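**Student:** Here the protein sequences come in this chain order: A and B. Residue 0 is where the first sequence starts when you use numbering that gives the first Met the number 0, and the numbers rise one by one after that. Residue 0 is where the second sequence starts when you use numbering that gives the first Met the number 0, and the numbers rise one by one after that.
Keep in mind that the hints were calculated from the coordinates and are not lab data. One or more of the hints may lead you astray.
Unchecked claim - As a list, the in silico EDC-like pairs of lysine to aspartate or glutamate whose alpha-carbon atoms are at most 16 Å apart: (1) K56/B / E79/A; (2) K56/B / D80/A; (3) K132/A / E71/A; (4) K210/A / E198/A; (5) K67/B / E26/B; (6) K132/A / E198/A; (7) K132/A / E95/A; (8) K56/B / E170/A; (9) K67/B / E40/B.
Just so you know, these numbers come straight off a predicted model, no measurement behind them.
Read off the chains here:
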Amino acid sequence: MTLEYPGTLALILGGSCELALHLARAMIGDALRPILTYRNEAGRDRIVRGLEGLSGRYESRRLDLADRTTLEALLDSWGEDPLDFTVDFAHGDYEELVAAADDDVLERYFRENVSSRACFLRRAARIMLRRRKGRMVFVSSGAAENPNPGQGFYAASKLASEALYRSVGLELGRRGVTTVILRPGYVRAGRGRAYLEREGKQVSRKIPTGKALEGEEVARTILFLLSTHARNLNATVVTMDGGLSSGK
Amino acid sequence: MKKEAHMELFESVQGILTEILDLEDAELTPETYLIRDLGAESIDLLEIAVAMSYRFKIRVEDDEAFLKNFRLHLVEAQQEDLQPADYLAERYPFLSRDRIEEILSDLEGGPTVKIKDLVCYAAHRLDGAPADESDPLLPLLSAQVGVRAVAGPR
Chain A
0 MTLEYPGTLA LILGGSCELA LHLARAMIGD ALRPILTYRN EAGRDRIVRG LEGLSGRYES
60 RRLDLADRTT LEALLDSWGE DPLDFTVDFA HGDYEELVAA ADDDVLERYF RENVSSRACF
120 LRRAARIMLR RRKGRMVFVS SGAAENPNPG QGFYAASKLA SEALYRSVGL ELGRRGVTTV
180 ILRPGYVRAG RGRAYLEREG KQVSRKIPTG KALEGEEVAR TILFLLSTHA RNLNATVVTM
240 DGGLSSGK
Chain B
0 MKKEAHMELF ESVQGILTEI LDLEDAELTP ETYLIRDLGA ESIDLLEIAV AMSYRFKIRV
60 EDDEAFLKNF RLHLVEAQQE DLQPADYLAE RYPFLSRDRI EEILSDLEGG PTVKIKDLVC
120 YAAHRLDGAP ADESDPLLPL LSAQVGVRAV AGPR
């Protein structure tokens, strides 16, 4: 099926991660124009390497959710360009038992991964609202609903972020700004790759389809969620885990 | 800011309201209440703020522009045993003292924000100057300028 899109310009938060690079390549293939954000120079280098040969067909901009000035620099002077899509992969890594966590670290973690995301959403939604058109995808995780021990803060911040995205879709859907949340299960990319290399056989046995997801599959699903065909998926969660979370 | 510029601001705000609230043949004056008269809802206020932000190239703080926390600030002043008008004038530097007194006497009627408050807010953001009794906008606004709205696309 050839997908049709209600726009071309897509801002990808956390643009240097492996899944974001899969998505950017797929977007470029479908004549969309991604703007990938990176937190530091290493991230920018990963984008350049990951999209080698595609120079001129994407942009990259610095955005660190821990640094409000980068958010303001990116969005407060957005100008007349439309912001058709946002895809949000950005999320900090913090694995710790809840009872073992450091107060300062966990406060900073929630500020960066929840409060700052709300600041981003506020700005992006206002840009989209101006044209009464925009689509936001938040890439959550199966761990939001079913965390392993040590993923309590990650799960809590993912669930809180899901709630923010859901509310934007509820509040602004009538004005043409919609949201959808994707919860991938085990993905053979990024943080999941090393885990699957260790535990892959055991994980595969638990998944009804018998295998973890590939990055390319997740990217293609996000493209569908951005397309006009998925426009009625609003303010809701799509779980893509091969059926893992549906059984015991 | 000159009177002509204020008039342009008023007409721009009027155009924004006409489009967002889908007004047909409504007579808008600076004294028109946004919520009481025009029935603006929270989503409408958000859109109005966004439109003003782009139209005038200003940063619009929704709480401030639409006087959302006016009653809260009034309670704060009472709790701190401060003169309400003085305290509110600090919180709303775009409102004249007369306007603050007017709002204080009008609270029982419901949400108090009027079109002229948005005009003053935009003027203040553009000029950066606090409102005062010699504000050239005031005579214009007190003249009850009426502009018949033309329905725009929603």
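**Student:** If a hint holds in the structure, say so; if it does not, say that too.
**Tutor:** Comparing the hints with the structure gives:
1. K56/B / E79/A: holds, 11 Å
2. K56/B / D80/A: holds, 15 Å
3. K132/A / E71/A: Given that 16 Å is the threshold and the Cα spacing comes to 21 Å, the pair is violated.
4. K210/A / E198/A: holds, 12 Å
5. K67/B / E26/B: Measuring from Cα to Cα gives roughly 24 Å; hence the hint is violated.
6. K132/A / E198/A: Status violated; Cα separation ~43 Å.
7. K132/A / E95/A: Roughly 40 Å separates the two Cα atoms, so the pair is violated.
8. K56/B / E170/A: violated, 25 Å
9. K67/B / E40/B: Holds. K67/B to E40/B sits at ~12 Å (cutoff 16 Å).
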